[in-house]
Structures are given as structure tokens and as C-alpha cells.
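*Asks:* With chain A fixed as given, assemble chain B onto it according to the hints.
Each protein sequence line maps, in turn, to chains A and B.
Under the numbering used here, the residues of the first sequence are numbered 1 to 504, in order.
Under the numbering used here, the residues of the second sequence are numbered 505 to 589, in order.
I should point out that these hints are in silico values taken from the structure, not numbers from a laboratory.
Idealized CB from N, CA, C, for every residue including glycine.
One thing to keep in mind: the hints can contain errors.
What the hints assert, rightly or not - Label pairs and their calculated CB-CB ranges:
1. Gly534/B - Gly328/A: 20 to 30 Å
2. Lys507/B - Pro118/A: 34 to 44 Å
3. Asp527/B - Pro118/A: 53 to 63 Å
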Amino acid sequence: MTSLIIIGIYLAILLVLGLASNRLFRGTSVDYMLASHSIGPFLLLMSLFGTTMTGFSMVGSSSASYRVGIGIYGLMASSSAILHPLCFFLIGLRLWSLGHRYGYSTQIEFFKDRLESPRIGWALFPVVVGLVIPYVLVGILSAGAVFNGASLDLFETAFADYGNGIPPWLGSLVVCLVVLTYVFFGGMRGTAWANAFQTCVFMALGVITFFVLVNGIGGQESFIDSLKSASSAVDPLKLSREKMPHRDYFAFLLIPFSIGMFPHIFQHWLTARDANAFKLPIVAHPLFVMIVWAPCVLIGTWASADGILPEGVNPNALLSYLVATHSGKVLAGLLTAGILAAIMSSLDSQFLCLGTMFTKDILRRKVGSEEDDRKTVFLARSFVVAVVAVCYLLSLVVPGGVFNLGVWCFAGFSALFPLVAAALYWRRLTSAGVYAGILTTAVLWCFEFWKSGYGVDKHYEFLGIHPVVSLVAGSTIAMIAVSLVTRPPSDETLQKFFPEKQAA
Amino acid sequence: MRKTVWPLLALLVILHHDFWFWDDPTLLFGWFPVGLLYHVGLSIVAGGFWLFAVLCAWPAYLVEDATKIANDRSNAGESAEAPQA
Numbered sequence: 001m002t003s004l005i006i007i008g009i010y011l012a013i014l015l016v017l018g019l020a021s022n023r024l025f026r027g028t029s030v031d032y033m034l035a036s037h038s039i040g041p042f043l044l045l046m047s048l049f050g051t052t053m054t055g056f057s058m059v060g061s062s063s064a065s066y067r068v069g070i071g072i073y074g075l076m077a078s079s080s081a082i083l084h085p086l087c088f089f090l091i092g093l094r095l096w097s098l099g100h101r102y103g104y105s106t107q108i109e110f111f112k113d114r115l116e117s118p119r120i121g122w123a124l125f126p127v128v129v130g131l132v133i134p135y136v137l138v139g140i141l142s143a144g145a146v147f148n149g150a151s152l153d154l155f156e157t158a159f160a161d162y163g164n165g166i167p168p169w170l171g172s173l174v175v176c177l178v179v180l181t182y183v184f185f186g187g188m189r190g191t192a193w194a195n196a197f198q199t200c201v202f203m204a205l206g207v208i209t210f211f212v213l214v215n216g217i218g219g220q221e222s223f224i225d226s227l228k229s230a231s232s233a234v235d236p237l238k239l240s241r242e243k244m245p246h247r248d249y250f251a252f253l254l255i256p257f258s259i260g261m262f263p264h265i266f267q268h269w270l271t272a273r274d275a276n277a278f279k280l281p282i283v284a285h286p287l288f289v290m291i292v293w294a295p296c297v298l299i300g301t302w303a304s305a306d307g308i309l310p311e312g313v314n315p316n317a318l319l320s321y322l323v324a325t326h327s328g329k330v331l332a333g334l335l336t337a338g339i340l341a342a343i344m345s346s347l348d349s350q351f352l353c354l355g356t357m358f359t360k361d362i363l364r365r366k367v368g369s370e371e372d373d374r375k376t377v378f379l380a381r382s383f384v385v386a387v388v389a390v391c392y393l394l395s396l397v398v399p400g401g402v403f404n405l406g407v408w409c410f411a412g413f414s415a416l417f418p419l420v421a422a423a424l425y426w427r428r429l430t431s432a433g434v435y436a437g438i439l440t441t442a443v444l445w446c447f448e449f450w451k452s453g454y455g456v457d458k459h460y461e462f463l464g465i466h467p468v469v470s471l472v473a474g475s476t477i478a479m480i481a482v483s484l485v486t487r488p489p490s491d492e493t494l495q496k497f498f499p500e501k502q503a504a
Numbered sequence: 505m506r507k508t509v510w511p512l513l514a515l516l517v518i519l520h521h522d523f524w525f526w527d528d529p530t531l532l533f534g535w536f537p538v539g540l541l542y543h544v545g546l547s548i549v550a551g552g553f554w555l556f557a558v559l560c561a562w563p564a565y566l567v568e569d570a571t572k573i574a575n576d577r578s579n580a581g582e583s584a585e586a587p588q589a
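This is chain A alone, in the form it adopts within the complex (with noise of 0.2 Å):
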């Protein structure tokens, strides 16, 4: 009962943020799709890394070091702490200008009028939006089991299918229905602020835990004789990658390119106020990477020593099983709220993502007058409400498998970051050589992924390799092949986007 009612605080929290946010709110639809682009430094930051960091960071992370080991950091933690800054850098910074400039709120109305091509968006918006939908899924469906995990027993007689506790389809909601009222209200300032309060709560939770947790499992007096005893208990090839295959390794690498592509990610660069906002989330992000990752990971991989886990508990709530056991409820109720808020902060952005899509490429509404801005508002507030309505449903009638998704929807926009960075630096790049890069991806990834029996194969190889790389080389390959044949863009396209100083 103590978790859920600070799960309930915590919540009630998010709503009175994205209903205070609401109070700025300026009546437009620049102002609710990209809040106006005021977005400041420490925003932009926490905002990113929220919506860049999702459930898997906390949860995610320690369940797979616990099976693999500390090598799950250099593997995910340490590769992003490097390439994600590069692509707010070489991508972000260049698509704020020009979307700064030219009005763009979309990924898509970037590529119309860089290709000269009005019909890009036939191909590339459901492969996009193909991508982004199974990633809310397992947001959506990894809040419910959330719930369901922090009120096991709470109930003498009710629900007994679902251990006594709330059941996962009524968490789903209650978050659905919380993000929803936020970003209908708030907007990108909402889903902005809020981002924040959640970026700060899971990374101070994840710290809290880290000590708290020390102690527990190492079990001596002292903190730092705990912190040896927990690492010399564990198996040491869990201390190194003996078991790690180094092409495994080093496919990962493309991995974190994904976020070049992520529609959210693009939306949030957007909404900042000028070029210098960029600077801190550049510098910071690598080190708020390691703050979260790294006591998760410790945690992990300690708790794969004898003893610590028992069989029959399921790793992935293995956080939540040691915080119960070494720590009081409140820790425990603080702590689910803090992989809820990592959870829910990347879910709000892809939500009101998906509704500016829906508004500004499927509709291709355009701001004239005051009553017609009035008018995109309010459709981009239904599309968002049936956005969450479509998704929600949708996580009812999915099986379970679809958290087998995860590592294959960022593969996809690995694959579609070839895409972005040519239309950004390659002024041979024309409307065929982004079709046969859209093409080749969604062939390849529909072939592999079910080659890979729908994703239940984790260990699944494309000649020899993780298949992010025959993913990436595909739809690198077409796109510039297909280009060199085709014809360029204009030289008053060329000329809009590679001025003078910015020639390649």
C-alpha cells in the first residue's frame, strides 16, 4: 500500500506540472508542438536524456548484467555516452537551424522540401511510425507490470489472476490516462517540464538505491568493506567479457545512432531556444549516462552471485526484489516510482510525436490565420488522444513477445540514420536514394526480423552478424547507388540548404 500511494503522489505531481505548464500556454500550435522554441539549456538536457533513457536503463540494465555481466556497460552505456552527444552535435544542431528557419515541427516535412519530393512522406511515415508504435507498446506495457509488481497482495479476494495486486491492463491505463491529460494540456512545455521532474527522480532514485543496496548485499559493517565483499562474491567471468563476442561488440556501435532518427528526439531538438542550448546537453549527456547506468549495472552484476537472487524471481524484477528485501517500503514505493517516471518520460514525447505527425504530414496542416492555427491545435490534440486511445487498446491485444521488439525497432532507425545525415551533408542525395534506403530497411528488417522467428531468437545473425549491420550497410548502400544514377535536387534547393558557409 506505501508504494502506491507514493506512486499516487507521484503522479498527482506529473498532473498538477503538465496543468501548471498549461497556464503558459499560448494559444498556438508552434507553442503546443514545439513550445515555442524556448525551450533553455537545462530543459533541453533533462528533456533529451529523458526521453533518451527509457524503463530499459534502469530495469533493463541491471536484468541483463545480472546474465552478461559488467560488459552490458561498455556494450550499451558507454558507446551511447559518446555517439548520442555526436548526433545532437552533427544532427540536431543543423536541423534546429533549418527547422528554425524554413517552420519545419516534422521529420517529414524536413525531407519534402529538402528531396523536393511532396510524396516522401507515403514512404517514410509508415515506416517511422511502424517503428516507433511497438517501442510505446513496451512503455505502455512495461507500466502495468510496474503496477502490478508494486501492489502483489493488496487485495484479499480481488484479482486473484493477477497475484492479488492491481492488474497490468488497469496500470497501463492509469498511465496512459495521466501522460495523456499532461501532453493534451501541456503540450511540448508539459511533456517538457515534466521530462524534467521525471529525469530528476529516476536518477536520484537510481543513486539512493546504489547506497541503500551496498550495504544489503555486501553485509559487512563498513561501506566500503560491503562494496568488496559484494564484488569478490561474484563469478569473475561476470566480471570481464570473457563471454561477450567482440563483433557483437562492435555492431552495437551503430546502435546508438538510432536516435538521429527518432521522431520524438528530432521534435524535442526543435523546441530549443537558440544554437547555445545545445551546449549542455552535448557536454553533460555522457555523464548523465554513467550516473544511471553504472550503479545499475554493479547492482546486476552483484546480484548474480549465489545467494543473492533466489530461483523462481524473475531478473527483470530483480531491482524491485532487492529493494523490498534490503530496504523499507518507502525506498520501495520510491523506487517503482522513479522506473515509472523513466518509463512514462519517454512514452509522453512519443505520444504527442505521433499526434504532431498525424496533424502536420497526414492532414499537412499549415498555420495561416489565427482561427486555422486555433483549428491545428485542436486536431492535434484529438490525434494525441486517439494516438494514446489506439496505442492503449493495441497493448491489450499484443503478445507478450513484443518486448522482444525493443533492440529491433532501434536497429530500424539505425538504419534509417543514413538517411538524415546525407540530407544534411550530401548534396548528391536525391528523392530515389532516400525511397531505396526507406525500401531496403523496411525489406531487410521485415526478412530478418522474421528470419529471427519475430524476435524470440536474441542470438539471431544475419551472415555472421548482429543484424543492425546488414540493417545499416543495406540502406547505406541503395541510398548511395541508387543517388549517383538519379537526378540531384535543384540548385535553389542545393543553395537553401548548403549555403556558401556551410558547403561541403
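*Replies:* Same frame as chain A, now just chain B:
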């Protein structure tokens, strides 16, 4: 200085693939796995590297453009709206 940024980034990526600590389960200070400490350190170095990149290779024309856009808007009395394509 600007020209050193990209070679340094390439070096950082190479350093990420630390085959020299691959099989090493040594615990530094009696508790910190050396392979993990190396990558935690690499994350901190990455922060330092990006600070260097921001200071030495910042695309100044973007800042000029942004200032110009902000001034144009302010002159046109459109404090909040983005220009339309």
C-alpha cells in the same frame, strides 16, 4: 584546434573497443571491476571531449543565424511564431 576534434573522436571510438581489458576480472580497490571502471572513465572522458568540441568546433554561423531570426521576429512583432515554409 578545430581540426583535432574529429581525430580525437575516432580515438575515443577506438578506445571504446578495449580488447586489453576484455578478459581481465581484476577488482581495483578490491571492489571495482577494471573493465567497468575503464568504461566509466571513458564516459567521463567523453564528457570532457564534448566540452572541448563545443569550445573549439562550435558552428558559429548557427548562432549568428539564430540571432538574426530572433531579431527579425522581434522586429516583425512575432515573438513566438516560427516562420512558415
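*Asks:* For each hint, tell me whether it holds in the structure or not.
*Replies:* So, going through the hints one by one against the coordinates:
1. Remark: the range hint 20 to 30 Å for glycine 534/B to glycine 328/A is upheld by a beta-carbon distance near 29 Å.
2. Distance hint for lysine 507/B and proline 118/A: a CB-CB separation of about 40 Å, consistent with the stated range 34 to 44 Å.
3. Restraint check, aspartate 527/B to proline 118/A: a C-beta distance of roughly 55 Å satisfies the suggested window 53 to 63 Å.
When each numbered hint is compared with the structure, no violation occurs for any of them.
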